[in-house]
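Given the coordinates of chain R, work out where chains F and A should sit on it, guided by the hints.
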Amino acid sequence: MTTTPVIEAIDETAASHGRPPLNVVYEWLTTVDHKKIGLMYIVYALIFLVIAGFQAILMRIQLAVPNNHFVSPQVFNQLFTMHGTTMVFFVGMPILFGFGNYLIPLMIGARDMAFPRLNAFSFWISAFAGVLLYFSYVGGSGLYAAGSAPDVGWFAYAPLTAKVFSPGHSTDYWTLAVFLSGVGSIGTALNIVTTILSMRCKGMTMGRMPLLVWLYLVMASLVFVTVSPLTAAQIMLTLDRYLGAHFFDTQAGGSAVLWMHFFWIFGHPEVYVLVLPAFAFVNEIVPVFSRKAIFGYAAMVAASVGIGFISLSVWAHHMFTVGLGPAGNTFFVFATMVISVPTGIKIFNWLATIWGGKVIFAVPMMFCIAFIFQFLVAGLTGIMLSAAPFDWQLGNSYFVVAHFHYVLVGAILFALFAAFYYWYPKVTGRMMSEKLGKWHFWLFVIGFHLTFDFMHIPGLLGMPRRIYTYEAGREWETLNLIVGIGAIIQTIATLIFVYNLVRSYFQGEVAGHDPWDAWTLEWATPSPPPSYNFAVDPTVNSRRPLWDLKHPEDSDTGYE
Amino acid sequence: MSCFDKYSATCSSNGEGGFALYGATFYAGPAFAQSPTSIFDPAATPAHSIFDLSMLVLSVTLAIFLIVAGLLVYALIRFRHRSTDSDREPPQIYGSNQIELSWTVIPILIVVMLFLTTTRVILGTEAIPKPASALDVIVIGHQFWWEYRYPRLGVVTANELHVPISNPAAPTPTYLTMSSADVSHSFWVPRLAGKMDVIPNRVNVMWIDPKQAGLFLGQCAQYCGTQHAKMLLRVYAQSPEDFAAWVNQQKQPARQDFSGNPAAAEGQTVFMHSACINCHTIAGTVATGRFGPDLTHLGSRDTIASGPVQNTPENLRKWIDHPDSMKPGSLMPSMHLNDHDLDVITAYLTQLH
Amino acid sequence: MMNTTSAIPIDGAMETPWTLPYRGTVGMACLIVAEAAIFIIFIVAYIYYIGKSLSGPTPAQVLEMPIFGTICLLSSSITVHFAVSALRKQNLRTCTIHLAGTVLLGSIFLITTAQEWYHLIHTEGLTIRTNLFGTTYYSLVGLHASHVVVGLIMLSLTLCFALMGRVTEEHSEKLEVLSLYWHFVDGVWVVVFLVVYVLGR
Numbered sequence: 001m002t003t004t005p006v007i008e009a010i011d012e013t014a015a016s017h018g019r020p021p022l023n024v025v026y027e028w029l030t031t032v033d034h035k036k037i038g039l040m041y042i043v044y045a046l047i048f049l050v051i052a053g054f055q056a057i058l059m060r061i062q063l064a065v066p067n068n069h070f071v072s073p074q075v076f077n078q079l080f081t082m083h084g085t086t087m088v089f090f091v092g093m094p095i096l097f098g099f100g101n102y103l104i105p106l107m108i109g110a111r112d113m114a115f116p117r118l119n120a121f122s123f124w125i126s127a128f129a130g131v132l133l134y135f136s137y138v139g140g141s142g143l144y145a146a147g148s149a150p151d152v153g154w155f156a157y158a159p160l161t162a163k164v165f166s167p168g169h170s171t172d173y174w175t176l177a178v179f180l181s182g183v184g185s186i187g188t189a190l191n192i193v194t195t196i197l198s199m200r201c202k203g204m205t206m207g208r209m210p211l212l213v214w215l216y217l218v219m220a221s222l223v224f225v226t227v228s229p230l231t232a233a234q235i236m237l238t239l240d241r242y243l244g245a246h247f248f249d250t251q252a253g254g255s256a257v258l259w260m261h262f263f264w265i266f267g268h269p270e271v272y273v274l275v276l277p278a279f280a281f282v283n284e285i286v287p288v289f290s291r292k293a294i295f296g297y298a299a300m301v302a303a304s305v306g307i308g309f310i311s312l313s314v315w316a317h318h319m320f321t322v323g324l325g326p327a328g329n330t331f332f333v334f335a336t337m338v339i340s341v342p343t344g345i346k347i348f349n350w351l352a353t354i355w356g357g358k359v360i361f362a363v364p365m366m367f368c369i370a371f372i373f374q375f376l377v378a379g380l381t382g383i384m385l386s387a388a389p390f391d392w393q394l395g396n397s398y399f400v401v402a403h404f405h406y407v408l409v410g411a412i413l414f415a416l417f418a419a420f421y422y423w424y425p426k427v428t429g430r431m432m433s434e435k436l437g438k439w440h441f442w443l444f445v446i447g448f449h450l451t452f453d454f455m456h457i458p459g460l461l462g463m464p465r466r467i468y469t470y471e472a473g474r475e476w477e478t479l480n481l482i483v484g485i486g487a488i489i490q491t492i493a494t495l496i497f498v499y500n501l502v503r504s505y506f507q508g509e510v511a512g513h514d515p516w517d518a519w520t521l522e523w524a525t526p527s528p529p530p531s532y533n534f535a536v537d538p539t540v541n542s543r544r545p546l547w548d549l550k551h552p553e554d555s556d557t558g559y560e
Numbered sequence: 001m002s003c004f005d006k007y008s009a010t011c012s013s014n015g016e017g018g019f020a021l022y023g024a025t026f027y028a029g030p031a032f033a034q035s036p037t038s039i040f041d042p043a044a045t046p047a048h049s050i051f052d053l054s055m056l057v058l059s060v061t062l063a064i065f066l067i068v069a070g071l072l073v074y075a076l077i078r079f080r081h082r083s084t085d086s087d088r089e090p091p092q093i094y095g096s097n098q099i100e101l102s103w104t105v106i107p108i109l110i111v112v113m114l115f116l117t118t119t120r121v122i123l124g125t126e127a128i129p130k131p132a133s134a135l136d137v138i139v140i141g142h143q144f145w146w147e148y149r150y151p152r153l154g155v156v157t158a159n160e161l162h163v164p165i166s167n168p169a170a171p172t173p174t175y176l177t178m179s180s181a182d183v184s185h186s187f188w189v190p191r192l193a194g195k196m197d198v199i200p201n202r203v204n205v206m207w208i209d210p211k212q213a214g215l216f217l218g219q220c221a222q223y224c225g226t227q228h229a230k231m232l233l234r235v236y237a238q239s240p241e242d243f244a245a246w247v248n249q250q251k252q253p254a255r256q257d258f259s260g261n262p263a264a265a266e267g268q269t270v271f272m273h274s275a276c277i278n279c280h281t282i283a284g285t286v287a288t289g290r291f292g293p294d295l296t297h298l299g300s301r302d303t304i305a306s307g308p309v310q311n312t313p314e315n316l317r318k319w320i321d322h323p324d325s326m327k328p329g330s331l332m333p334s335m336h337l338n339d340h341d342l343d344v345i346t347a348y349l350t351q352l353h
Numbered sequence: 001m002m003n004t005t006s007a008i009p010i011d012g013a014m015e016t017p018w019t020l021p022y023r024g025t026v027g028m029a030c031l032i033v034a035e036a037a038i039f040i041i042f043i044v045a046y047i048y049y050i051g052k053s054l055s056g057p058t059p060a061q062v063l064e065m066p067i068f069g070t071i072c073l074l075s076s077s078i079t080v081h082f083a084v085s086a087l088r089k090q091n092l093r094t095c096t097i098h099l100a101g102t103v104l105l106g107s108i109f110l111i112t113t114a115q116e117w118y119h120l121i122h123t124e125g126l127t128i129r130t131n132l133f134g135t136t137y138y139s140l141v142g143l144h145a146s147h148v149v150v151g152l153i154m155l156s157l158t159l160c161f162a163l164m165g166r167v168t169e170e171h172s173e174k175l176e177v178l179s180l181y182w183h184f185v186d187g188v189w190v191v192v193f194l195v196v197y198v199l200g201r
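Protein chains in written order, with this note's numbering: chain R, 1 to 560; chain F, 1 to 353; chain A, 1 to 201.
Looking at chain R on its own, in the form it has when it is part of the complex (with noise of 0.2 Å):
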């Protein structure tokens, strides 16, 4: 068998210094590559963060003190709105297929995605609707000249958003940018399905494929039936705006039940389409830093197709305030407990992977293991949600709210962070600060579970969400305050993460092609990886070809 040296990349960096900054600007905005497509996306991300995040800090500064006079009620309507559209639409889903576009390849031993133009489309698609969706602030007057950003909440329930009760043209910001960022992402999603099925190295098979590419698979593919229906019901809901129809129009016999099933259909899988990705980067970084393989590789990946199954069957739990019925409230209470049970498989196998390995606490690995933690918390106050009655006391309040944060935030955040620190090195050639990384995550820690501990009290003492005051006498005064406390702490350490970020790209450590002594194929180019990624096309014969060339007394092949 013979060999080919990775060979040094003709450095195009060097090439790229002392160019006109247009021509740099220009390859940028029509480049195809996926690399650059990625980390546009990740940018993209991250701008979008600090601003939902800023939305977030005034609603709990209103919060802090009940009868607050901070902001007006239409501002904080418009507040809590934004900065869930915000999150979800334009922060997570485009952070998380900027890492997709920028790894799938390189770990599969491919040059770039299926589709390049595609991609490149999807991204700008994207990018314009989350400027639409903010543009919505400065462009026309709404209901009592409020302006027009979007006040119905993340979930735009019917019949609110209809033309009679949402007057002008904040509901149609919504529903505009929001289709919009689904084109985007169903675009993505069908790249990233066609590259991995098609475009994987000699010797991968399915089998053979990094653990990260196949949550891509599953969740790429949960995306065609999760946003569609979304896409569907936005539709039907200008329809019934601009041309009169009467899909979730009452006073004509429609059924505002019908935009909640509809919603749910897409809302739930959709955030297993975030999660799953999370699971993709600890799948990753906990073997790596345990110094074992990853522990029931054929069941994470039965796991994760069952998740990917099962949670398209599961979205009543979001309505069992609805009065579905015992039938309907009963069936939907066994599909939820049900997903709980490959969830806690992947638990287990990352316990079992840390078990008897060798853990470096590194900065990627203190992320991943407050993940694992945090991500157990928030699977258990998602069965406690999950028994129809008590979720009739928690649903649509507090708790909840503390429970999805406690999902996006300490689980999907937390490994996104890990996954930045990990992966950071091969992307600018350069590692990044461990004492920083350090500062960033205690602080961040804390003020994680000041918040959102917290926050499951004032959920238990009859809290509603989507709020803008309350009375006092209702013991939620406190709880609030501290809650507040800590997403300032938050907003610090994520601060001193973005200076990390910026400072380690001039002044970081040079990384080398692997830092980490890793196993995946990404680690076997340089850093950063040339545009072509791989000179010579690789062939795998196991699922951790680097490990099979450091340790080739003990391979992998033959262990699948």
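It should be emphasised that the hints constitute simulated quantities derived from the structure, not laboratory data.
Incorrect hints may have been included.
Unchecked claim - Computed footprint of chain A on chain R, listed as stretches where at least three residues anywhere in the stretch have a Cβ under 8 Å from a Cβ of chain A:
no.: 1; region: 56 to 67
no.: 2; region: 200 to 210
no.: 3; region: 229 to 236
Bear in mind the structure is a predicted one, so any value in this text is a computation, not a measurement.
We put the CB at the ideal spot given by N, CA and C, even for glycine.
Frame of chain R; chains F and A shown alone:
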């Protein structure tokens, strides 16, 4: 507290300390005891059954957390990389069928157990027959107030729901038949029951049977527009005698004789000649509007504006003058009345006991 | 300069030839799944609202089965299939004829739909805002028709290229991908036909 069915064994032993949410116990205790809207302070059967189920679920999830988190912590400590370690990688273990099977089967069993107990509570709340002695109330949600109609008693009121307490020996639950006149709302009084959504073009039914007299607080729990936050709920559970007295009072048409009170008399005249009558009903007069709350017995209520404002003459006057100053975005417009009209109308309405 | 020590093995003698699915087909399959999901939601809405209109004409009163249009549309699936197989055998002329047939049959379908709508709007007074039936009918049939339009545009473009002699056997995979889309559109029509004109009446 009274418990519901077989799993009640867990409820009496756990009490309030058992459900501490991982890390916030030290604060939780006192707050739970003092909050008027705590789900852990049930005062009616639906809330009780949910409480009991919640104790079971919390115990199970707490146990799972302690075991899994404990194992994780142990693994991280025991298997950490020590500087004295050799450079050799640890043995690569790819899986184990027995272990993986066991941690599939055990969760399935836990799920089955939780599912069955949950189903029992669902059926016990939603699928039981309605007793003949039940009181019927029609609840209509509006932006941003609650309308209550007692069809068999001939009572119509708003924002403050009065119900009789229910004696477990001879239960008299109140059945709430709910729909909305505009957008979706949700009726949530945590100490009495779980919430139920109030949806236009749809009828939902729930029941409550308060076991003790008192005032139970809650608020709308489905975002319904600008003033969702101040669409509060007040449920007055009364002894059968007190309730009957209240019904008798509410059934009467509005007071019309103000011989000793010229301001109120004039206020009545002004009111009946203003646009107020287009939105509000005062039984026995020409005011028959349905868009806003029924004002026939406004003077008998503790609060106005659906809860956030105490019902005093000063507040009432301010509300009529400029509702947006107290509840910005409420759908009652300012009527731009002059000071004199405001004074007399306020005098009139405060007399409507 | 960085030190690269890792090397990727190249196995000169692969046991089996390494073939992966054609990316065009996979991509089109993904698009079809997504579009199918959108159609399913509109169909669910249609079925949910059967019999629930508060007023206005009912399907039984105003709908007539569009047999001719349906036959045309479904036949166009056959013609496009022959176009693909002809191209695989490098028979450009036959391919062009069948493409033209497909475009013609598809256009006839659209015309019959337009005629039906004209009748419904002007004679029966049924519009999208009339009642729930009007809303769900026009949106579902209209969504399908818009997909037919897109398909016809693509097919017409291909026909133009074929008439210019620029389509060769190399493009047969791409033509097959387009034909998959067209088969999907026809398949959706079968479901719409059954739900609207058979079940719903």
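For each hint, the structure was consulted:
1. 56 to 67: Per the Cβ count (0), the hint is violated.
2. 200 to 210: holds (count 3)
3. 229 to 236: Answer holds; 6 residues pass the 8 Å Cβ test.
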